[in-house]
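Visitor: Heads up: the protein sequence lines correspond to chains P and G, in order.
In terms of my numbering, the first sequence opens at residue 25 and continues consecutively.
In terms of my numbering, the second sequence opens at residue 56 and continues consecutively.
Hints listed in this document are in silico derivations from the structure and should not be mistaken for laboratory results.
The C-beta atom is built at its ideal place from N, Cα and C for all residues, glycine as well.
Incorrect hints may have been included.
As the list claims (entries may be wrong) - Rough simulated footprint, nothing fancy, chain G against chain P, three-plus residues with beta-carbon under 8 angstroms: (1) 161-168; (2) 238-251; (3) 418-430; (4) 475-486.
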Amino acid sequence: MNIPTLKEAKDLLVNSQVWRSMFRGGTWKDTSRDRAQHILGNVWLHLHPARIRQRAVRFTYTWGLGGLSFGLFMILVVTGVLLMFYYRPAVELAYRDMKDLEFAVSLGMFLRNLHRWSAHAMVLLVILHMVRVFLTGAYKTPREFNWGVGVVLLVLTLFLSFTGYLLPWDQLAIWAVTVGTNMASSTPLMGAEGPFSNLVGVTASNDARFALLGGTTVGANTLLRFYVLHCVAVPVLAGILMIVHFWRIRKDGFSAAPLPGDAPEKKMEVWPNLVVREYLGAILMLAFLIGWSVLVNAPLEELANSGVTPNPSKAPWYFLGLQELLVYFDPWLAGVLLPGVITMGLMAIPYLDPDPKNGVGFYSLKERPFANSVFLFGIVMWFVLIVIGTFMRGPNWAFYWPWESWDVHNKVPPPRTWNLIMVDFSELSGHFFTSQKVPGLRVAGPLGVATAFAAAGALFGAYFGGGLLFPKLVKGDWPLKKSIGLTAMGSVLVGVLAKAAHAFLFRFDFISKNIPHFGLTEISYLAFFLFVVLVMAFILPQKFLRKSTLSPLQYGTTMMLLLMMLGVVLKMAARLGFNIKYLFSLPGLNLNI
Amino acid sequence: MADASPSSEPSGPVVFLKSELTRRSLLAGAWGAFGAFLVASAGGAARFMLPNVLYEPSQRFKMGKVKDFPLGVTINKEQRVWVVRDEKGVYALWARCTHLGCTPNWFPAEVRFKCPCHGSNYNLDGDVIAGPAPKPLWRCAVDVTPEGDLVVDKSQMENRPGFRDRGSFHVMA
């Protein structure tokens, strides 16, 4: 009997009844029809179109970010399931199992590294994917809903990371989750330490944190709960949403949204052009992560100890922006309200678009100056906070420049802070310019309470009301560069005037003790932040939104989101430059802004 | 329908049912029942997540002989309590930052507790002197047994000036 050549052996195999029952399609003749049939007839590939616009295949259009995010999710599922074989979610065992994975299990360390680094990469790529979709206008009609699904997937990605890092039961685990779940207890009405919760009988043993922890402190119940959330509940939910996400991509005509007005574009065959690129991207990413995981070990701190918090205690990078934000705002704002508003605001973006046909399908930086400025401002702000938290915070969360050594003892203690307006229900009075040591101005009785509420109403009313109104009041067309220049000069002028006013008011205790010094630093703070806020909240909206086709509701929502984002900047400036802790404080109801 | 039925139906309730039970009202009732079932399920699921029995350490514990606590701060990491003795007596601070629950560290040279998580600073009274914490530190109720043991009870706490300086929150011992 002749020994068959390789080609004969292959033909024998491919034409056998077994092979043909698995893979249909007859002899491969490499025709256009064959290539389309290969996509359509394959359950794994059929989410692709048979043919796709050429622009979508270009790497620098999508950067492969969505597909790579999904690839990372698959790596995480595989490595996660493998890690589950050696890990037991019990307080006495979890950390020991981590040590076993590191030192006693073949490839245990490598798999844990790969799991950790893939998770970090997934957070980064999901964020970048969102930025890419925004910059190419790919969230616009008919893709609004899918953008919303994507935002939820981003939140779930972060929640998966959060639930995941309790599991090693080391110091980072227990303290990050302590901080994170205490934010839940500052939820208005639903958290024991949040605003208004004392009015509805919510306590530490029936609030949102209690449900999350399964107790009052991070303990055995918490570990089990987070294990179930991390390994079952959230991945299943994320998987379901991914199915919806991908299905909608298909139904909405795939990536590289059609350019408006143009004739139908040239398309290319997905097999092999796109599929090859996808596999190449996945292989390169996997190779990079394998190399990274061989070279760099995932950190594992000491065994969890509820009595000692590491100093400084830092969350993983993607939560350090939030951690830094918590320095300037009470947890119900920084940890609950702002993340909620950011999520809802992101989902609202496609519905706040004055011109859904403008700037779709390419990097439309010039075509959409307002949308891109506002969105990128938010993204940059978030990463600035991350950089501050990562590189400029040392022991006791004190500020250190990256080149400074973390010397605890030479560090000047943080300055005393003061509150602009405070209402004291217990002794029925209103306070202005007050702090622990400085009584400030005190107005007693119901009149004082009323005055304080009126002042707070005026303060926030002026900011939000004025912010909504002023861009609409402008008459005529202001040249952009000139108005920005004038704003800069005006901001410096206000800074200098404030310096003069401070010199005049310095003889009053409530000013001299709360703002003991008003020099070049303070003037620069005031001028810089005033300039940023005026440009973002007034100059740009009057230029680009005033005459747009936005309905009053759309305009109001856009401006409120913008004003809240800039309010965060202003409050940070107030804290950093002038040591103002609260603009308005109502301690009786845990309500501090 | 309501007009035709009374003669053949002897009793009230049946007439009521027969006159009211249209296809529309039956479906409305069914949808209502389904809605009620969903609400009850959500409520039940929420309640299910709140455990009834906790296996957590006792909130009330002995800390040793009260006379052994010197002037100043004694740190107990196991119970997460700082025992402070001043001229007037002894009080116990719960070593939990009122911001987001980390354990601050004691810096004797600066007479401050400093939190490592977001930088809150407290003085010896427990009042916030810097950083984002919204409230003073909590003081636990303290008691001295006839044998001279200091007993701390974390289930009773107080942080308002005035109230925290008297009674069981600041004992002479």
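Visitor: Please go over all the hints and tell whether each is borne out by the structure.
Guide: Cross-check of the supplied hints:
no.: 1; hint: 161-168; verdict: violated (count 0)
no.: 2; hint: 238-251; verdict: holds (count 7)
no.: 3; hint: 418-430; verdict: holds (count 4)
no.: 4; hint: 475-486; verdict: violated (count 0)
Hints 1, 4 from the earlier list are contradicted by this structure; the remaining hints agree with it.
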